[in-house]
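S.K.: In case you want the letters, here they are:
Number of protein chains: 2
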Amino acid sequence: MNHPLFPVFHPESIAIIGASEVPGKAAERRTRSLIRGGYNGDIFLINPKRDILFERKAYPSVLDVGKKVDLAMIVVAPRFVPQAVAESVKMGAKGIVIITAGLGETGEDGKKIEAEVLKIADEGGAKIIGPNCSGLFSASTSMNLLGIPPIKKGPLAIIAQSGNIIDSLTHYAEMRGMGLSTIISVGNAIGVKFHEYIEYLSQDDDTKVIMMYMEGIKEGSRLVQVARRVSTKKPIIILKVGRSKAGMRAAASHTGSLAADDAIVNAAFKQAGIIRVFNVDEMFDVAMCFANLPLPKGKNVAIISEGGGDNSVAADNAEVYGLEVPVLPSSAQEKIRPFLLAGMPAGNPIDYGGTAEENPDMINKIAAVLMEEPVVDSIYITGFFGGFKEIIAPHVGELEEKTSQALVDLVKQHQKPLVVHTSFANEPFRSMKILHENGIFVTPSSERAAQCLSYLSHFSVNRDKLKNASLVKTNGVNVDMTREILRKVKEAGRANLLETEARELLALYGIKLPRAFLATTKDEAVKAAKEIGSPIAMKIVSPEIIHKSDAGGIMLNLKEEREIQEAFEKIMKNAEKVTASSKIMGVLIAPMAPRGQECIIGMVRNPQFGPVIMFGLGGIFVEVLKDVSFRMIPLTDLDVDTMIKEIKGYPLLAGIRGEKQKDIAVLKDIITRISQMAVDHPEIREVDLNPIIAHEKGASVVDARILIG
Amino acid sequence: MNHPLFPVFHPESIAIIGASEVPGKAAERRTRSLIRGGYNGDIFLINPKRDILFERKAYPSVLDVGKKVDLAMIVVAPRFVPQAVAESVKMGAKGIVIITAGLGETGEDGKKIEAEVLKIADEGGAKIIGPNCSGLFSASTSMNLLGIPPIKKGPLAIIAQSGNIIDSLTHYAEMRGMGLSTIISVGNAIGVKFHEYIEYLSQDDDTKVIMMYMEGIKEGSRLVQVARRVSTKKPIIILKVGRSKAGMRAAASHTGSLAADDAIVNAAFKQAGIIRVFNVDEMFDVAMCFANLPLPKGKNVAIISEGGGDNSVAADNAEVYGLEVPVLPSSAQEKIRPFLLAGMPAGNPIDYGGTAEENPDMINKIAAVLMEEPVVDSIYITGFFGGFKEIIAPHVGELEEKTSQALVDLVKQHQKPLVVHTSFANEPFRSMKILHENGIFVTPSSERAAQCLSYLSHFSVNRDKLKNASLVKTNGVNVDMTREILRKVKEAGRANLLETEARELLALYGIKLPRAFLATTKDEAVKAAKEIGSPIAMKIVSPEIIHKSDAGGIMLNLKEEREIQEAFEKIMKNAEKVTASSKIMGVLIAPMAPRGQECIIGMVRNPQFGPVIMFGLGGIFVEVLKDVSFRMIPLTDLDVDTMIKEIKGYPLLAGIRGEKQKDIAVLKDIITRISQMAVDHPEIREVDLNPIIAHEKGASVVDARILIG
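Residue numbers (this note's numbering), protein chains in the order written: chain W, 155 to 863; chain V, 155 to 863.
Source of the hints: derived by calculation from the structure; they are not laboratory data. Where hints are given, some of them may not hold.
Where chains are identical, the list cannot tell them apart; a pair therefore holds if satisfied intra-copy or between any two copies.
Claimed, not checked - Straight-line C-alpha distance at most 30 Å; calculated DSSO-like pairs for lysine-lysine:
# : residue 1 : residue 2
1 : K642      : K489
2 : K802      : K780
3 : K731      : K814
4 : K556      : K179
Small disclaimer: the values here were computed from a predicted structure and weren't measured.
Go ahead and model the full structure; you've got the sequences and the hints to work with.
M.R.: Right, here's the structure in full:
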């Protein structure tokens, strides 16, 4: 691997600056875990007050070690950090892990130190991990800089912005016998960012699943781009906090992370194929399933149990989590029926009540049929499996063990995932152990079983879509002329484009607009109206009048010549009440849009994610129901398609109550062109096309507002 | 207690009809569990083929036992059930538990037997439990008719429509050391219904919490009424399946239960103060919390942890589950700060990172401050508590145990609930055991901790509201004249009331309507329009024309005399195309409603719940967004209030974008009156007031449709 972070995780020598022997201290725990963890390279312990530490020579300064230092871990007081970083760079360090807390997260003084440190490292070509982080673990080099007990090696990687969460996840891993490939505590992430770690792990062959815990997002736009690519290969599971006000508060006080609008986060993750989870135990369960189970081809699940109650609960869970529980074809039902009591349902869910309790062999026989059945993508066993020996009779225990082994073999043979919900999941029975050890997901929560299958299925289906998605392209845009207009607006000291200018920009980006004319006299207004055809809308054009309606600057639905003349006079008079005549450009004469579905397309720049495009239906859909969708720019064809379809009001575009479908293609085209405009012109801060009236054929942009700066 | 079900749970003698000794058979398991369970009364084993069973005398028939039989349990083939019931009744049985399956749930033959059995029992004054049930357990009489191992006695009661679920719940109880007061397997519930069991358990002093698993709902209206009363005393927690199509399918095939619309179920449960859960483990956790913890006074929770990560996750969970995480007053923060490292957040969530890890004493000191703080209603400890001895150092273990005991004492002293999330929850540590055994809820799931606190808080707040709620009353309704109109419509063989008749009914129920006149000639139409004032709406009135609009029977916004005359002719002409002149009553002349917010109020009769009232905003809110609320009739003032406020479009009624609030009082009044109409006239099948235009003052019922039959 040639990734710039490779040396950080595979150093040939490590210096611990601020090494200590005082039991329980951060430096002591990390020094100990590195030495005892089996790391093979050179270890240099730096502490000016000690000659010997951990029965090894200690050096007064990293400058004294006399050999190249690949990685430095710094655990000294904040004010000594810059010097430690400078010296590490001098010794050739490619990575510098700063454990020290009390920097950027506590205020301006800390931020200054961070900036200084970053400058030194950048100039020296070293990567900064942290500060305020708890260290790294790399299984391939047995490098444990986390100060925690030895960690089993395995396929899961963790990137986390909280030491606690790392401790929890390693505890879950230990309890479930799972191993880890890499652990990264990012801390304040002033140097290496989330997306760079993801990029590195995507190339790391030891890592099958990437788990992340995030408080704040830095360089969200890059995160989306990298994750979108990686998600076609490996699952990225993220626990992002700050869904609530109190959660944002807690995250902010923890790593000084800025809050991001959660709706934007959700959109970004969706777009990037990231699996968003909400709890640590959930994250671990999901990661374990991805690491151990084959991926299902689709969302169809077959449910089997010895009881109607558990089957009903499981079926509800499955559908609530977006899985399908299809009725099995009669051919499959026929094959299953011999294993059931007469009259018991074989259609899915399948109820083997009264048979398998005494011989659980029935379970693997039914599972074998389901493994062969093309309509079934995954299998969900629910009920008491493992506990029949307690509930029914002791001799059933041995039969249950055989069934467990048979289920394991079936999964291997057919490469279809199988999960087991049973209230006996955590009992120390051999039947359970066989499943656990062979990677079958066994859980005491029926809901969690459904949830995990759902994540597997959605990832699988979405992965194929992501693979086929490509960035949208536009043609027929005029970047130079647009830039020229923007330059002039800027020169004039304005942040708001006039509607006439905004219309020009849209036209330069290939967005069709209804014909409109700027009238400076009554006669011009009447002439324009004749040209356009009535009824018309009239709107004041003035850089000083932004809220046109409030200023009496809009009149609608005008037909007669006399009406138009009067309206012109009235609008001009109203305008003169709020600004000087010289600041009034005239009145825009535009046709009234024919009826159709009101929509909004907008673009804003988000501090975390950069340019974001918004789509929604107009009016109450936005204002009362917040029924809008977002996507980070640049967009793929998949993004454009799904952002329109995911709004709740979509049926109004697709056509209901006998109405024909609206021209969704033209809406997609406008979204694409506005996104291109945002990419081409970073000086455009905001675009608001509101409303756009979508017709059966075409769409009318009725009002356009563009802000720069 | 004087409840009619008391004898069923406290019988002095029990006969088992169909007793058996064949190991593992349903009859054998139940005979054994009764004999070994410690039941003190007489036990009569009935089996015509055996003289001795379980070393006791067996009787050929229940008629032979020579003593009064209080309770009979029947485990014979379906065709023998009626005779067994008849004989039990003859022997004085007050309760008959029918284990036998293969009756109503399998088809018409079984339903016939059920009807026969029910008749015999009703005439004999006996209560039927089941059939297709798995038995009963009553702790106070040590009566175990479930065929499962001995059950610890305690405060939880279970009513369930699935034997599996009972087995799961008793397994959870065993694992968590909790006890049960009563277990009821309802089976097909042909005799005693859910609400009767609830009624009984509400009076049972041994029962603190009622848990129910339901597949189908029978007599839902009575369930709501009983539960609404009981919920002011004891929590009722229900797991109702059938949220999804597959879940309905599974439930239907299990107990032959009809599916109920899940939106209606949710509304009914909400109205009755029922706590709805979705999984068995969740139900058990929630029940355990209710049984063991004091109720919080409100929704404010304080969160404490040794890490920002866990705090952020917990805060998100709390708010997602409807709890508040208030910033603590500075007085409380001052008291907490000495226990934290400098600069750590004390505002809530509280982060004691770096202190308590080495001395968890800090945790109970902070908890003590929170217990005294009036703004805090409950406490949520999240992180590693219990595991510090593993993560930090072994000697911390003893300190953790002391902290556990201190926390237990605090809860007892202050009567504020406290829950603990820790990944060490299920480890066999003494610190955990002290919490578990003293009823503190300890869970490895942060989400579940929040969920349980949320259920406690919502129950507590809602209980007070339920206590103060009273059934709404109407005055000024004319039941007799309404009945007379309905009688005439029925006599005429019609199911649809004419709009004129529907208007009459509404008027008789005190609902104000815009003035309107039935015109039979052009001149009458013009005269009516003058009387009303233009613009007017004109609508055909004919029993044969139900879809007036489709038949060209509606014209709107008419002003001029000529327009009105032409419209009258056109409407009549259109009507004559689809029906005979003799079937045309004329044209209704009504004013056009002034602008306002479109609403719908409807009433339908639900097979499970009886009359149900619906409220929503019109048009797309109903058709696209399904944004409607339901309540079962009769209504309380609380129901009327919440059903309006809970719709997503409520801001449109409350007033947004500078619009004034609409007349919500008049909408409430109409809801109340329509509900009264549904109670007074069971022959009214459906009412549809659509649209009603709500104005700032008053509301216009624009169209009214009433169906009978």
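S.K.: Now tell me if each hint is right for this structure.
M.R.: Verification of the hints:
Taking the shortest alpha-carbon separations for K642 and K489, neither the intra-copy value of 76 Å nor the inter-copy value of 59 Å comes in at or below 30 Å. Proximity of K802 to K780 under the C-alpha cut-off of 30 Å is found in both arrangements, the shortest distances being 10 Å within a copy and 10 Å between copies. Only between protomers do K731 and K814 lie at most 30 Å apart by alpha-carbon distance; the minimum there is 28 Å, versus 45 Å within a single protomer. Only between protomers do K556 and K179 lie at most 30 Å apart by alpha-carbon distance; the minimum there is 24 Å, versus 50 Å within a single protomer.
This entry does not satisfy hint 1, going by the numbered hints stated previously; all others are met.
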